[in-house]
Structures are given as structure tokens and as C-alpha cells.
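Read top to bottom, the protein sequences are chains A and B.
So the first sequence is residues 1 to 177, counted in my numbering.
So the second sequence is residues 1 to 284, counted in my numbering.
Derived from the structure by calculation, the hints contain no laboratory data.
Partial list, derived from the structure: chain B residues whose beta carbon lies under 10 Å from chain A:
hint, residue
1, LEU20
2, GLN21
3, MET46
4, VAL130
5, VAL165
6, MET167
7, LYS172
Idealized CB from N, CA, C, for every residue including glycine.
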Amino acid sequence: MSNLVKNIVRFILLMLVQVYVLDKIQLHQMVTPYLYFIFILWLPFHMNRALLMLLAFILGFTLDGFRHHPGFHAAACVLIAYIRPFLVNLLIPQEGAETNYEEPSIQSMGGLVPYLFYAGLLSLLHHTWLFLLEAWQFGDAWYFLVKTLLSTAISILLILATEFLFSRKQKFRTNTI
Amino acid sequence: MRNIFLFIRRYFHFLLFIVLQILCVYFIVSYSHYHKAAFGNFSNQMTGDINRQYNKVEQYFHLKKSNDSLIIANERLYNLLRENYELPDSLPRTEVDTIIIDSLRQYRSITYLNAKVVSNSVSTQNNFLVLYRGRKAGLREGMGVVDPSRNVVGIITELTDEYAVVMSLLHKDSRISGKLLKGGYTGTLIWDGKLPNLVTLTNIPKSAKPAVGDSVITSGFSTTFPKGLLIGRVEGVYTDPSSNYYKVKLHTAANFYNLQYVYAIDNKHQEAVNQILDKLKKQQ
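Build out the structure end to end from the sequences listed, making use of the hints.
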């Protein structure tokens, strides 16, 4: 399956899962389970940064379409798409190692801990920015903090579950570019 | 000039990031103006179609609950039927009626239009419902929406030909005026974005004595809702130290977790009243 088709399928599936499965789960008012942004986490290493941000914008905007209020998720997605390349550079085990594999995964990031850090930090950023924008009008610091932390925890759990359930088999490419 | 281009090229990604963020914040802030024009029609049609397909499956899980609420609504309506009442016996008397205009004849001012809920949320900070009924079915912007037992649900904010988007009570911009049935004090209903089914009635003066369990009804001051529809019951009364008003927490009468069918309220006077209000605004 080509990269383009794979990502289009991912986009649609993740959006449907987010809107029709995760949004229907009402665990607690403090917890909103989010998984859709794993799409940004899984985009290829070598992708152009501008394209990355535009894709993230489209992803967020689509979810906003279902929520009938444009802007919130698009802003959060653009933020993590902007931060992602810096984080990848920081976490990749040795220079040039990102060319060995197609896209970020436990395998290509060199272990569970770096990958968890990568996913955890990006979901924390996503949730912080999203809930900050939403809390603008409400202005309750404790509520915002607790909600961000709890939702991040749930998101990390969801990401881990997704990683282990749907293992992405990746070819080891030569380490020459 | 060359330096500007160099600058743009060097910080292109950062600038793109800033531009996209500003665009997003602009969408958020100017939501009400922009939304109806461009975003609304296209995205509502798209998401509405998808939601309707999903709802075809999902509605089966709610059949029992929606049946129960319909039976309760029916019971109330049966009790209102004319045949339940009897006229006083006036046969022995003969009277000549001299009134030419029949002042007893009534005319209709309010119609209820039913609609199916195809999408509903309670977990976000701004909650909306999507109805599978739109402009073609006679729905208009600004109509009030109630559940089968005539408890307040929200107000229609956007329309396409086939779908309507309802801003539910559980939305930070929702402002509906409510009235304490006991005492008649009116206030504004807001939602603090936390617990679904729990809204706050503000601006209730200290002279009112709201008690737990009191009913709060619509005030009828606007044409959105007729007077006397149940909004909720008082769950707790809090004093706001910064002002001279009470904050009254309400448990909403409508159950937002389980809305399958709703009714939009078509008030025949709405357009006329709005015209007068617009005229007044222009004069000021």
C-alpha cells in the first residue's frame, strides 16, 4: 500500500473512531479521551514541515467540523505538528537514524521509553493548548490542570493500546540516504 | 527588500506556524459571524449526512428510553383532550347571543415541529445537537427546542436545507432567561462547562428565597420559548460574595444524555417581534 493511500485510510478511520466511539464514551467530565492526533505522530519522518502543519490543520479542522466550532482542535494539532520535528531530532538515538525507518514507532525510536516520551509530550502539549483555548471563557485553573493531566494519561494509554494492537510492520531500510 | 525575503525564507516554518495559529484563534473568536457564512453550510451538510447514517444504527439502543418518554408525553396529552371535560348544563336557559364577533374563537400562535436528533454531545465545552430537519421543514434560526416532555433543550443556531444545529443549554454562549416558579424572580441561565445536566441561574436577587427542589421555568420574555416550560429544578443555592445576587444551581429537566426526538417551537409572532426589535436597534 502506498504511503498516500495508507495515510488517507488512517485519517478517515481515526476520525470515525474519534467521533463515533471515543466521543460517545462519557467516563467523567474531567476526562475526554482523544486518539485522533496519533495520525500526526505516525506521519513519515522525512515529511516536509510545512506539509506536516497543513495536514495537521486539516485534521483538526475536520474534527472541529463535527464539533460545530472551528479552531480549537486545528490550533492544537498545528502546535504539535510544529513541535514534532524538534522532538524527533532530540529523541532519535543517533544521527541519521530516522532514515532507517519510514515513520516513528517503538521500533524506530529505539525503545519504549523514547517513544513514550515522544507520544506523552505531544499529547500533553495538544491537550494543554486545546483546553487552554477552551478554558479561556471559563477561567478555572484547577479544573483546567486536572482535566489536562487526566486526559493526557488516558490518551497515552490509548496510544499504547493502539500501538500494541495494531503493530505496524516496518521495513528496515538501508542507512544510506 | 532582499533582507525581507531572506527573513521569510529562513523563518518560513515558524511564520507558517504563527499564521495557522492566528487563523485558528480568529475562527474561535469570530465563530458566530464566520461560521454561518462559510463553514456552516458545507460542513453541516457533510457531517450531517455522516451522522444520519450512524444514527440509523445507534437509535436502536435508545428505543426503550424514547418509548418511555413518549408514553409519558402521550399521557399528559390525553389528559388535555377536550372530551375529558364536560360543559355545564345550560339547556334549561335560552339566551339570545348578541355578540357578532366570536370572542371565544381561538387562533394558533405556537406550533410544535418534531425532529430527529442525529448527533448529540455532552462531553465537550460547547455542546450542540444536530437535527434531521432543516429549512425545508419550516425550521428557522432562533427557534426554541424542547424534548418530548417539553423540557427546554436549546436554541437553533444554524440551518441548512436538511439539517439544523441546536446550541444546547450546555454551551458557554447559551443565554436563556429563566424564572423561579415560586416568587417569579427572573435570571439568566449559564453553563459553567463542567457537569452536564447542571446549569446555573444567575442574577437572582437576595430577596428571593429559592429552596432546593423549586421549579425553574421559561420566562416567556423572548419569543424563543413560550412561558412556563420547565427548565429544571433547584439543586443548591450559593451566595456570590462579589455581588448582591444568588447563584442557583439547577438540575436540568431534560436529560441531555438521552435525546432521540425533540420538538422545535414555531412561534408565529417571532418574526414580527424581531422586526420591531431590529427597528428599535437601528433608531438608537
